[in-house]
Amino acid sequence: MSTANATEVDATKAHPDTTNNDNSSPAVEVAAEEEGEKADANEAEEVPYKLTIKAPNGTIVPVIASAQETVQDLKQVVGETPGTMEYSCFYLALNKRRLNDYVELGEIEGLGLESELELVEDQYTEREARVHVSRLRDLLDGAATANPNVAGLDAGVSVFSTVKQSDSEDHAFKDFELGQPGSLDVLSASKAIKQLAQPLCVRLLVLSGWNPVPRHRQLKGDLLYLLVTTLENQSYHVTASSSGFYVNASSTSRFNPENYGVAHAGQQGIRDSAFYEAHSLLTLLRRLSPKFAKGLSEVQRGLAERDPAETLPFPLAEQAATPWVVRGAENSVPMAYDVGAPQDAYLRQGAHSVDSLRDWNEELQSIREMARESLGDRVLRDRQLHKWHAEFVEAAIPGAMAVIGGELVPLNPTDPVEQHMYLRDNIFYSKGFDGRETFSALGGDSAAHVATGKDITGVRLLNQLDTQGLHTLGSVVVDYCGVRVVAQSVVPGVFRRQEATPIVYGSVDQGVTVGADAEFHQLLEPVAKALHFAEHEVANDAGELSKLYTSADVKGLTGTDGRKYVLDLYRMTPVDVEFLESECNEDGKFPTYPHKVVLLRPELVDTFWEQSTRKAVMEHVAQKVKQNKEDADAKDGEKEEKEEKEIEEEDLLKGFDFSLSFSPDSFTPIQAKSPSDESLSSAVRGASQFLRDVSVPAFARDLAAYVSTPLSGDALTTTMHQRGINMRCLGRIAELLPTDVSSVRNIRRRVVFEMVARATKHILRRLFRLTPSHLHAEVFALVANCLVGSRYCASPAQHLTPAAKAVSELAAMTPETLAAEVRAEVALRFRYALAEDFIETLPGHELMLLREVCVKIGAQLALRHYYFEQPTEASVHATVAAAMDPSVKQTKPVKRQIKEKVDAVLARPLTVFADDVMNFVALTKVATHKSSFADEA
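When we follow full-length UniProt numbering, the leftmost residue of the sequence shown carries the number 1, and every step to the right adds one.
Watch out, some of these pointers could steer you wrong.
Claimed, not checked - Derived DSSO-like pairs: lysine-lysine, alpha-carbon spacing no greater than 30 angstroms straight-line:
hint	residue 1	residue 2
1	Lys529	Lys194
2	Lys564	Lys901
3	Lys624	Lys454
4	Lys624	Lys589
5	Lys454	Lys629
6	Lys529	Lys629
7	Lys629	Lys615
8	Lys624	Lys529
9	Lys454	Lys529
10	Lys194	Lys901
11	Lys925	Lys454
It should be emphasised that the hints constitute simulated quantities derived from the structure, not laboratory data.
Construct the entire structure; sequences and hints are all you get.
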């Protein structure tokens, strides 16, 4: 969908011409003729609609759309066009005939490729009136205003306008000193937000105190009552009715719902009643306030001049980018006093929040069952899936934060806290603990924590495969303040009491019973083929054998809607048996690994399968060539040249027979000890050895040779995962990197810092669970000061508040004890012996480590200069002066202001204060996959 000034890509697509060969047979000619007709039909489908939409205010909106798009998509374009933004409650008509909002354009009878549609103002409902007012408030607030549904400060702020290429000769590296550490000011969103700021158009736009509408007025069509104060300081009470908006005669002390013009008819300065009413509130305010009309014109002009990337929200299943340092002073207080801000929830969701009650699961499965035959069908389907995932994640994050904050009542309040389950807005929540002892033999809570993340990976794999007839749940994992919460859409019928278990495939009781439903088995066959799984046998407690494609821990059930669902997909890859046998026991030099859910990554399995197949092909070809040569030597020399030619042209892959499959249950207690599964177990062990002996050393060599140069912890994580290497291999990588080569020093430091940051994350999670939420900022500041600020203050715990000192672990923490904990965590989780004096290697790199810890725990710090040792007055003075506007003259008040700032910095006893911690962001793992047609583009 695009407006008329967009590039008409669809209209200029090349179509292959179908020509007939004169020497071809009649059958070939007929076939070619049919192909030509199909090509012509496809070409006709691809021709876009060039429509025009005529609005009542005279604006003409040109739209280019495909036949698969709906009327609702056209209405969205109208709402986002500056000239028609005043319309929110309307319908589109063709030849005076109302069009269904959800019908595709290609199905509309009488719609030509260049038809003109008419925008017709429609009757308001209470919901439509709320949406209209909410849209107007969002428009007047502007793109720079924080989204209340986003948990991160300055999240997703567009800096597009601040990095545009200018006509001047200035560039990003002007006056930049490569030997000096960069300033954090380059990360500030202040300049971008100031550029996105919009002029003030109205002082107040809120719900009136006369709400809710009395019953007898509801019969007259009244929906809402509003209070508007213009920039002229004139207050108006406005009624939202089914026919539009009008000024009523009420005041704050007297209720009079009559039209203002009618109630005050005949008085001086009062106009007729038509002046005080309009279908759109925006149009009405234009009439009442000249300053509003002027400000709105500037808003419209600014929207037209700015790039859409700066002003329009983009639906993202992944979180909006949240910087680790944010504006301090601006985020410490609300942007402005707004009485209407607390009313946003009512305007968006209604009095009973019924607008937020969605059947998430039915929506998701209905989208997956959409047509997928043509490219247009797949594009539309993937767009709907992407939109659904974005909205589901946006709804799940506040719910998960409410679960962790104790704001929701559990469905099972009499059970232990670890077993509590929650339901909010038709989203099911559970904590990532082993409350029901499912993972007691695998590591308890540590195993459960890892399994929830692996489950998201499994859901993503199945979503990517997109097998018809097989359904997964909408899933997202939220990490917030040390607690992991799993949010899922609700399986139909899961809360109904049933005598028998609904699980018909896999095991729900750790192998006591195993289901092997034939329908599920057939549906999972293409999944197993794509994941290189083979049919294998598993045994229950009675010794009975069942044949499965997936792990016995993967559960299949049939919902009350008749659909086949698969759950608990954390074992969608084989076990890393070499690591399991060497590190998950007490015989090694390091402590026992905290859990046994040690699995290979799917990328590693694919790589190993491809290389093994390639090796088998090369061996077969070499053997075939050798055999052919021997056969040729045994023959007489007659017609030797001709025979050599025949040998070259012979299919060397003839007779090639090779297969490599894995069993996800190999080396697990439920695995059946049958001879037929020995080859599967051998393949699993081979993949595990491939990770240890090939992939990890090859990656270490690439790092040492700067073939791969990750510049941050996130980049290192992504690179390792792309190569199928688990993060538990960081210690092995660090050992393989030479310590005496200067060129490798930086990349080795990056690997070591990644282990330190991840170890610190685990320590912070544990401390967060021990302390109430109002002490989390102090906890983070204490750990940060002990880790990177020990040269500034040798005993940060002495500056804790009395409430924090009451927690014994916080009061006893010192830089030395924290360093010991970090070394223990690194040894436990990464099998690496961190140097005793690793803290002494930090000077000069503290900021890098502080950033990594903030990103991994979700902390956002105030943007300022952080000193990691006691600064001198001269250095602080230079830093403060450099941060000020150079055009400001050095007057006495300015010098006094600089002196006050310098004294404040020198008086700070710590590197990081609790007040510097502005926020903790909820981090997510999502099951969104890339578009199914992305590889074909």
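Here's how the hints hold up against the structure:
no.: 1; hint: Lys529 - Lys194; verdict: violated (54 angstroms)
no.: 2; hint: Lys564 - Lys901; verdict: violated (65 angstroms)
no.: 3; hint: Lys624 - Lys454; verdict: violated (43 angstroms)
no.: 4; hint: Lys624 - Lys589; verdict: violated (48 angstroms)
no.: 5; hint: Lys454 - Lys629; verdict: violated (51 angstroms)
no.: 6; hint: Lys529 - Lys629; verdict: violated (37 angstroms)
no.: 7; hint: Lys629 - Lys615; verdict: holds (21 angstroms)
no.: 8; hint: Lys624 - Lys529; verdict: holds (28 angstroms)
no.: 9; hint: Lys454 - Lys529; verdict: holds (20 angstroms)
no.: 10; hint: Lys194 - Lys901; verdict: holds (24 angstroms)
no.: 11; hint: Lys925 - Lys454; verdict: holds (10 angstroms)
Going through the hint list in order, the structure does not satisfy hints 1, 2, 3, 4, 5, 6.
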